[in-house]
Amino acid sequence: MKKIPKIFVIASLFSPLLVYAVATPNNFAELIDIFLGWVNTLIPIAFSAALLVFLWGIAQFVLNSDSPTGIADGKQKMFWGVVGLFVIFSIWGILMFLGSSVGISVVN
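In our numbering, the protein residues as written are 1 to 108.
Treat the hints as calculated values from the structure; they're not laboratory data.
Careful, some of the hints might be misleading.
Unchecked claim - The following label-pair restraints were derived from C-beta to C-beta distances:
#	residue 1	residue 2	range
1	Thr41	Leu63	42 to 50 Å
2	Ser101	Ser65	46 to 54 Å
3	Asp66	Val102	51 to 59 Å
4	Phe28	Asp73	45 to 53 Å
Backbone N, C-alpha and C fix where the C-beta goes; we use that ideal spot for every residue, glycine too.
Start from the sequences and build out the full structure, keeping to the hints where you can.
Here's what the structure looks like:
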């Protein structure tokens, strides 16, 4: 069985974004709507990836509790998973604040 090239896997993950590429904005408000559609699509994907990294770190930490390198790898993955979750929530919060300040609905 042949392996699927990584580019096809990555392209299939971002294929919903290609729908927005068809739309041509006529004004600035439509451009903002397209951008917010991308953000609303990417934030759950990024959140899921960061959560999976954190959970993978917990699994490594527990399963490799007898080796110091396994514990260190698990701690490092958990740390970066928490950092990723913090950054994603921060970006989401900033966008929500800016959207409410300007009067744009960020969440569909």
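Okay, the hints, checked on the actual structure:
| no. | hint | result |
| --- | --- | --- |
| 1 | Thr41 x Leu63: 42 to 50 Å | 33 Å, violated |
| 2 | Ser101 x Ser65: 46 to 54 Å | 48 Å, holds |
| 3 | Asp66 x Val102: 51 to 59 Å | 54 Å, holds |
| 4 | Phe28 x Asp73: 45 to 53 Å | 47 Å, holds |
Hint compliance for this structure: hint 1 is the single one not met.
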